[in-house]
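J.: Kindly produce the complete structure, drawing on both the sequences and the hints.
Protein sequences appear in the order of chains A and B. Under the numbering used here, the residue at position 167 of the first sequence is numbered 190, and the numbers go up by one with no gaps. Under the numbering used here, the residue at position 385 of the second sequence is numbered 406, and the numbers go up by one with no gaps.
Hints were generated in silico from the structure; no laboratory data involved. Treat the numbers as computed from the prediction; the structure is a model and nothing was measured. No false leads were mixed into what you were given.
Straight-line distance between alpha carbons at most 25 angstroms, and here's what the computed PhoX-like set of lysine-lysine pairs gives:
1. A:Lys92 with A:Lys130
2. A:Lys234 with A:Lys173
3. A:Lys151 with A:Lys212
4. B:Lys320 with B:Lys431
5. A:Lys173 with B:Lys405
6. A:Lys173 with A:Lys147
7. B:Lys405 with A:Lys130
8. A:Lys73 with B:Lys405
9. A:Lys73 with A:Lys245
10. A:Lys234 with A:Lys212
11. B:Lys357 with A:Lys73
12. B:Lys142 with B:Lys49
13. B:Lys62 with B:Lys142
14. B:Lys357 with A:Lys35
15. A:Lys92 with B:Lys405
16. A:Lys245 with A:Lys48
17. B:Lys418 with B:Lys255
18. B:Lys320 with B:Lys418
One-letter residues, chain by chain:
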Amino acid sequence: MLEIKNLYVRIKNKEIIKGVDLTIKAGELHALMGRNGSGKSTLAHVITGKDGYEIEGDILFNGESILDKTPEERAVDGIFMSFQYPVVIPGVNNMYFLKAALNAKLKANGQSELDAMDFLALIKEKIKLVEMDESYLNRAVNDGFSGGEKKRNEILQLLTLEPTFAILDETDSGLDIDALRIIANGVNKYRNENRAILAITHYQRLLDYMKPDIVHAMIDGKIVKTGGMELVHELEEKGYSWLVN
Amino acid sequence: MQHYRSELNSFQSNGIEEPQTLSTLRSKAFSRFTELGFPTKKWEDWQFTDFSPFKKSHFRLPTLEDLQLALEYNIVPLNDYYSIIILNGHFQENLSNVPSGVTIRTLLDVFMKNEMHDFPKTEENPFKALNTSLMNCGLAIDVADDMQIDTPIYYQFITSGFEDQIMNHPRLLIRLGKNSSANFIEHYHSENTTNYWNNCVTISELGNNSVFNHTRIQEDTCYHVSNLDYHLHKDAVLNSTIYNQGAELNRGDIRVSFHGKNATANINGLSLLKYNQHMDTRIIIDHMQPHCNSHQLFKYILDDKATGVFNGRVIVREDSQRTNSSQSNKNLLLSKNARMQSNPQLEILANDVRCTHGSSTGQLSEEALYYLRSRGIETTVAQKLMVEGFASEILEKIDDNITAEYLNNKVYTWLGNLGNG
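T.: Now the structure itself:
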């Protein structure tokens with residue numbers, strides 16, 4: 024589904040990603056672990072198409088290079104990221120935003136858009152899955168939401184937009200144990216054999232709930248080790264220093 | 022100056038016979054106007070605006086014949102609201118209706134009863150002085166005591182059909198009796214593209230324990246100058262929204278005076294500017310009495326080469342303890358060539374008060390734009406959503422849904438081809 028080939032990324036002449044190769048197949052959940060500043064979030068933003076990076080190498084999504092595509096084109100193609108820091112958008116109604124996003128995707132894929140009534144019925148089902156109060160739909164996007172509520176709102180978007188590939192960028196950070204369970208349940212409901220996930224995290228906690236198929240350790244812009252759940256335990260126990268030569 | 026004097030002279034010789042009190046008032050105001058002259062760059066509170074068009078242009082007052090020009094204008098009612106129509110400076114009594122408990126009189130009637138105050142010799146605002154001397158259409162609207170007028174009164178001031186340069190100096194007096202409440206929409210619009218100028222004065226007097234919901238919508242296309250004075254008596258509540266769009270040159274002076282304790286003024290403004298349009302707002306909130314609240318939020322959205330000025334001053338006088346006041350001015354620049362001057366000020370002479378003020382001017386957040394785009398929303402749509410969101414903070418404060426909806430649509434249409442240019 025997603026193929027990253029020999030990827031190098033610079034921001035203002037500073038090299039952040041220094042040769043990453045990564046292949047993620049449908050049905051797989053990959054975990055990407057690493058310290059702060061190792062390049063994990065940069066990798067995520069490069070996949071979703073944020074401006075301001077100098078990029079070498081290639082990223083293919085379903086066999087097609089996406090580097091020339093805009094973030095919105097990638098989104099309607101089926102790429103989604105749950106933001107580490109979800110952005111507050113003052114005055115923009117959360118439900119209106121969700122509807123605009125879903126209809127943009129439906130329209131781009133030649134499907135008919137949902138009207139207000141159908142969308143309301145849909146979103147009321149979805150919001151139950153993340154145990155959020157419906158009142159959050161009538162507030163401005165992430166405005167006045169707590170950290171946990173923002174993350175749940177991200178998962179609500181994931182469940183509503185149903186992308187084929189989802190990046191979870193530290194979706195578990197700053198969550199208490201209940202919120203973590205809700206997020207993990209939401210992600211597990213999203214998961215199926217046609218979809219793939221890249222979960223970026225520092226911690227074992229979320230992965231205990233989600234059981235990744237493949238785990239990567241990233242240090243200084245490179246993936247230095249790939250393994251299974253045992254690598255998660257090893258990193259939790261020993262940290263990252265042992266991976267540095 | 023000479024031009025305005027001859028306009029005054031011909032107005033007085035051609036018009037209906039006026040009471041002596043009115044002629045005297047006009048003359049007094051005109052001499053004050055000539056003393057002051059039009060503002061120049063040296064005037065501190067006026068320095069960011071070029072008033073030379075008023076000196077150069079030869080605007081004339083409309084005559085009764087000009088009424089014919091406006092009769093083609095398609096007057097759109099707002100819902101089934103009460104209506105007051107002024108066409109090319111002429112009050113249309115046959116097109117107007119107000120509920121019982123509300124009386125409308127022309128200023129001529131008011132002067133017949135000697136109700137209007139003297140013109141203060143110390144008046145500092147030349148436009149107010151000029152309006153007083155050339156007042157060509159004026160109404161006094163009185164709401165009796167203990168009246169609850171829930172259905173809004175929709176006042177339309179329409180300028181239409183001219184091919185030469187005309188000016189109006191409308192005067193509006195709105196008085197709410199004690200314990201009464203009213204919703205008033207004051208709307209200036211036009212389909213004229215020629216040089217014209219409306220120099221308006223609206224004075225609102227809120228009696229004890231009255232509630233006044235005021236929405237002022239300015240859609241004149243050429244020159245618009247306004248003076249809005251609000252006088253709040255004990256326990257009165259003012260909710261005011263001031264919307265501006267479309268004028269080439271627009272100067273608005275707003276003054277709120279508290280004459281009794283425990284009154285509250287909420288004043289919000291939204292101004293949309295594009296092309297070379299210029300809007301200059303000056304607001305003075307005068308806390309002359311203790312235990313009063315004032316809250317202001319003024320927003321500008323500027324595109325192209327538009328320029329905006331916001332000068333706000335909150336004065337808390339020595340004995341006005343327990344004043345609670347906030348003032349905020351937030352501006353959104355949609356183009357690199359748009360400019361905004363913002364200067365919120367506080368002048369506090371009492372010690373037991375709570376006052377805040379602040380100002381910010383910036384562009385659309387790149388982060389927010391990226392966030393929306395990452396959800397599949399196209400850049401131009403995302404930008405529009407964000408600008409509408411910025412505007413909605415003002416428009417959602419309007420109690421009346423139909424007015425709010427009208428303005429939401431205005432913003433949406435104004436945004437039109439945002440991002441394509």
